[in-house]
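Engineer: Sequences listed follow chains E and U, in order. Going letter by letter, the first sequence gives residues 17 to 195 in this note's numbering. Going letter by letter, the second sequence gives residues 17 to 195 in this note's numbering.
Derived by calculation from the structure, the hints in this document are not laboratory data. Ideal Cβ placement from N, Cα and C applies to all residues, glycine included. Check the hints yourself; a few may be wrong.
[Stated by the list, open to error] Stretch-level coverage of chain E by chain U, calculated; a stretch enters the list once three of its residues show a Cβ under 8 Å from a Cβ in chain U: (1) 62–74; (2) 107–114; (3) 146–153.
[What the hints assert, rightly or not] Sample of chain U residues lacking proximity to chain E, with all beta carbon distances greater than 12 Å (derived): (4) VAL50; (5) GLY60; (6) LEU82; (7) LEU89; (8) ARG91; (9) GLY130; (10) THR132; (11) PRO135; (12) ARG139; (13) LEU147; (14) GLU148; (15) ARG174; (16) GLU180.
Protein chains: 2
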Amino acid sequence: MRVRFVGGDHGSWAVERVLDVAGTALPLTRKLSVTEGDAPAPAGRWTLSGVTSNIRYATAGEAATLRSRQEGLGRPHATRAALIPISKSAEWWALAQDERRAIFEEKSRHIVIGLTTLPGVSRRLHHCRDLEGEAFDFLTWFEYPPEAEAAFDTMLERLRATEEWRYVTHEVDIRLRAA
Amino acid sequence: MRVRFVGGDHGSWAVERVLDVAGTALPLTRKLSVTEGDAPAPAGRWTLSGVTSNIRYATAGEAATLRSRQEGLGRPHATRAALIPISKSAEWWALAQDERRAIFEEKSRHIVIGLTTLPGVSRRLHHCRDLEGEAFDFLTWFEYPPEAEAAFDTMLERLRATEEWRYVTHEVDIRLRAA
Numbered sequence: 017m018r019v020r021f022v023g024g025d026h027g028s029w030a031v032e033r034v035l036d037v038a039g040t041a042l043p044l045t046r047k048l049s050v051t052e053g054d055a056p057a058p059a060g061r062w063t064l065s066g067v068t069s070n071i072r073y074a075t076a077g078e079a080a081t082l083r084s085r086q087e088g089l090g091r092p093h094a095t096r097a098a099l100i101p102i103s104k105s106a107e108w109w110a111l112a113q114d115e116r117r118a119i120f121e122e123k124s125r126h127i128v129i130g131l132t133t134l135p136g137v138s139r140r141l142h143h144c145r146d147l148e149g150e151a152f153d154f155l156t157w158f159e160y161p162p163e164a165e166a167a168f169d170t171m172l173e174r175l176r177a178t179e180e181w182r183y184v185t186h187e188v189d190i191r192l193r194a195a
Numbered sequence: 017m018r019v020r021f022v023g024g025d026h027g028s029w030a031v032e033r034v035l036d037v038a039g040t041a042l043p044l045t046r047k048l049s050v051t052e053g054d055a056p057a058p059a060g061r062w063t064l065s066g067v068t069s070n071i072r073y074a075t076a077g078e079a080a081t082l083r084s085r086q087e088g089l090g091r092p093h094a095t096r097a098a099l100i101p102i103s104k105s106a107e108w109w110a111l112a113q114d115e116r117r118a119i120f121e122e123k124s125r126h127i128v129i130g131l132t133t134l135p136g137v138s139r140r141l142h143h144c145r146d147l148e149g150e151a152f153d154f155l156t157w158f159e160y161p162p163e164a165e166a167a168f169d170t171m172l173e174r175l176r177a178t179e180e181w182r183y184v185t186h187e188v189d190i191r192l193r194a195a
């Protein structure tokens, strides 16, 4: 499913801050709109598109653990959100599957670190590296209640200190509040 | 890189036959045009688009073996070609990464079987499952000299008998000759 994130004057999320973690930040806008599938999206200052897709690294066991602990999007008490667009280097993408998997999980514990925030933080990953005209490789969307924000921030700090993150060339961290 | 395959009256490949291996065939046309990147593509009866992308299953060792034995596209003596668009089932795409890898190589020997045709057959894979409006998941393009066709056909026969191919829901086999 195609999902479009539009930064502008419309949308059900108010933008609290835009942080450039690596590379160029996106322009700060008042609102963010999230549109799924063919639903019409508002005009805005910028649009990022991605698609939900198949699992790229998780094993069957890891996927089952994630499914058993995670909650879906749209929970009424999850009034905070984050959109984190990321790109990785050409060096990362030139690695074979087993090399990327080893860095992602065996060395960096990406899934294990992510699990520490479940079920408070719910998450959906969108791929855009193979789409035309997109500036990022991934767009990850998170929703959580205000009291989960500290755990969410700790998780990001831990991920950003991993070997996997040495391959991250562009990362923007956009924080939002249900409007 | 985006690559467009257009079936119609233009292009440097003459269509010899279109075979529906599974699911609906594509309409037979006189010619096939292959356009890379932003180059203008001719109008035609049908267009299939895909993108070259990162490795999805091969290990570093397998990728090195493939690199050491395979030749590139555009060899003057490779006057035959095949375009094989494929889709796999929802069941396949719902599997975790290790499950798909095990079926692909440990059970089906996809890479090992493909290696039997190197360096005669050169190959480029294009992904389209995550693109909008595309009918297939992959488009694989092969180029070979006439004398490699028998080995190519044997390879396809072996692949189509594997466990991996039980997940193939749509497959068309288009054979071409340099025009």
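Engineer: Hint by hint, say whether it matches the structure.
Structural biologist: Checked hints:
1. Here's how the segment 62–74 of chain E fares: 7 of its residues keep a CB closer than 8 Å to some CB of chain U, so the rule of at least three is met and the hint holds.
2. Counting residues of the segment 107–114 of chain E whose beta-carbon sits less than 8 Å from any beta-carbon of chain U gives 6, enough to reach three: the coverage restraint holds.
3. Judged by the Cβ-Cβ criterion of 8 Å, the segment 146–153 of chain E is covered by chain U as claimed, because 3 of its residues qualify and three suffice.
4. Here VAL50 of chain U stays apart from chain E, with its beta-carbon at least about 18 Å from theirs, past the 12 Å limit.
5. Residue-level check passed: GLY60 of chain U sits 20 Å from the nearest beta carbon of chain E, beyond 12 Å.
6. With a minimum CB-CB distance of about 10 Å to chain E, LEU82 of chain U fails to clear the 12 Å threshold, and the non-interface call is violated.
7. For LEU89 of chain U, the requirement that its beta carbon stay farther than 12 Å from each beta carbon of chain E is met, with the minimum near 19 Å.
8. Every beta carbon of chain E lies more than 12 Å from that of ARG91 of chain U, the smallest distance being close to 24 Å; the non-interface claim holds.
9. The claim that GLY130 of chain U lies off the interface holds: its Cβ sits roughly 15 Å from the closest Cβ of chain E, which is beyond the 12 Å cut-off.
10. Distance to chain E confirms THR132 of chain U as a non-interface residue, since its nearest Cβ pair spans about 21 Å, more than 12 Å.
11. At roughly 20 Å from the closest C-beta of chain E, the C-beta of PRO135 of chain U stays outside 12 Å, upholding its exclusion from the interface.
12. Taking the minimum C-beta to C-beta distance to chain E, about 17 Å, the non-interface status of ARG139 of chain U holds against the 12 Å cut.
13. Non-interface call for LEU147 of chain U relative to chain E: violated, since the shortest CB-CB distance, roughly 7 Å, does not exceed 12 Å.
14. Under the 12 Å C-beta cut-off, the non-interface status given to GLU148 of chain U relative to chain E is violated; the minimum distance is some 6 Å.
15. Remark: the non-interface label on ARG174 of chain U is consistent with the geometry, its nearest Cβ contact in chain E lying 22 Å away (cut-off 12 Å).
16. Chain E leaves GLU180 of chain U outside its interface by the beta-carbon criterion, the shortest separation being 15 Å against a cut-off of 12 Å.
Of the numbered hints listed earlier, those contradicted by the structure are 6, 13, 14.
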